[in-house]
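In order, the protein sequence lines correspond to chains V and U.
Sequential numbering from 1 applies to the first sequence in the UniProt record's numbering.
Sequential numbering from 1 applies to the second sequence in the UniProt record's numbering.
Every clue listed holds true.
Given that identical chains are not distinguished, each listed pair holds provided it fits within a single copy or across any two copies.
Straight line, CA to CA, 20 Å or less: simulated SDA-like cross-link-like pairs of lysine to any residue:
1) K24 - E35
2) K221 - R76
3) K36 - R140
4) K110 - D207
5) K166 - I133
It is worth saying that the hints were derived from the structure and are not from the lab.
There are 2 protein chains.
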Amino acid sequence: MDITSDIHSQHISRQFNHELEELKTHLMAMGGLVEKQVQDAVNSLLDADSSLAERVVDNDRAVNDMQIKIDDECTRVLARRQPAASDLRLVLAVIRAASDLERIGDEASKIARNAIELIENDSGSRGFVEVRIISEHVRRMMRDSLTSFARFDTDLALQIVEEDQKVDSEYQSAMRSLMTFMMEDARSISPVLGIMWILRALERVGDHANNLAEYVVYLVKGLDIRHTNPDDLDEEVGDR
Amino acid sequence: MDITSDIHSQHISRQFNHELEELKTHLMAMGGLVEKQVQDAVNSLLDADSSLAERVVDNDRAVNDMQIKIDDECTRVLARRQPAASDLRLVLAVIRAASDLERIGDEASKIARNAIELIENDSGSRGFVEVRIISEHVRRMMRDSLTSFARFDTDLALQIVEEDQKVDSEYQSAMRSLMTFMMEDARSISPVLGIMWILRALERVGDHANNLAEYVVYLVKGLDIRHTNPDDLDEEVGDR
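Based on the provided sequences and hints, a complete structural model is requested.
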């Protein structure tokens, strides 16, 4: 290869790496926005702040726009650069991750809409403790899953998969105690249902954070753990 | 180009077309299985058939395996063939569609698990009418969305987007009447909640069918309608 074409191909590969870095940066920006959406949605309920809840519903459009932009970028990179191996896995993981972030955005919107209704009906604070605990838990999962993606940190990613099981059991126990409230007081049925939808949405946020973590493992190890029993995970990932 | 290399490149392109057809065939097979899972899950409730419900839960593994296989195939096609333009869009649409089908499979599992609990507790048939109506509606949406994918039929795809709005309003009205039951009779709270989770799962099946339909439009028109207001759709798609 002569020097000119060598410099040329180095230039292309630098350019390509830059594009891949950009993809990650945009995904992280989307993650930051979505994280804030979940936090604002929960705070709007806890602080009875309807106008904050309405801003969350409005901002969902910005989240959707970011997904479309990231998808377009990924499609362009696939078409122009035709990446292989780990670069290809990165682009596919970004597409998947953006889709999960968009769905987390939808859940934030649902939380905010339920909050607006609960605030309007002056529904009291029954179930707020559960919402606070579970929302802190899933927001930590979201943050960690984004960090594990940014750093390609599979150890952190595997911790998140374990956390998700804890969230599921917190969620189940919260649902049981809320059901007891309903049975004791028929007037609480409607507001408690609103809280149940919010908890359900938070539980799904945890599921999506869990998906993000699984993509990191796929990305780094080339191993698809999406449908592996969590108890077998350490073993399987350790083998690689 | 000499004749030998011309024949060679024709051979490659035939081979490639064959691979793309295979992707579609496997996606349709997965769709068929998932459709059956939803139908069996609903029937297990309506016929109080716990063993059918348990089979649905067990079969979810087969659905997951199919997604992993399709994803692998897509990744291989992207790496080896480096498709561009509409071929690239097809592969990306298959990846997205397989992910939605896998999530429909999860919803079928949830329906079956709730059915098992309802059958065990001998919960009566309150809400069965609503489950039947909405499940028939979303199953038709699923079938149509798979057909529209197989035939690249955007007209059919756009109809599904409209149907999804109808399902949403059926779902809202079913939830309201179920809430009334709960308020009238505290003993009905636990079984009615089980029915509510089932309806919620069905409503999400409709959302995923809607996603599939949107990928068809993306595939054919190269137009991303995922976050477009349905009322503006005909206009936007007509413009192309």
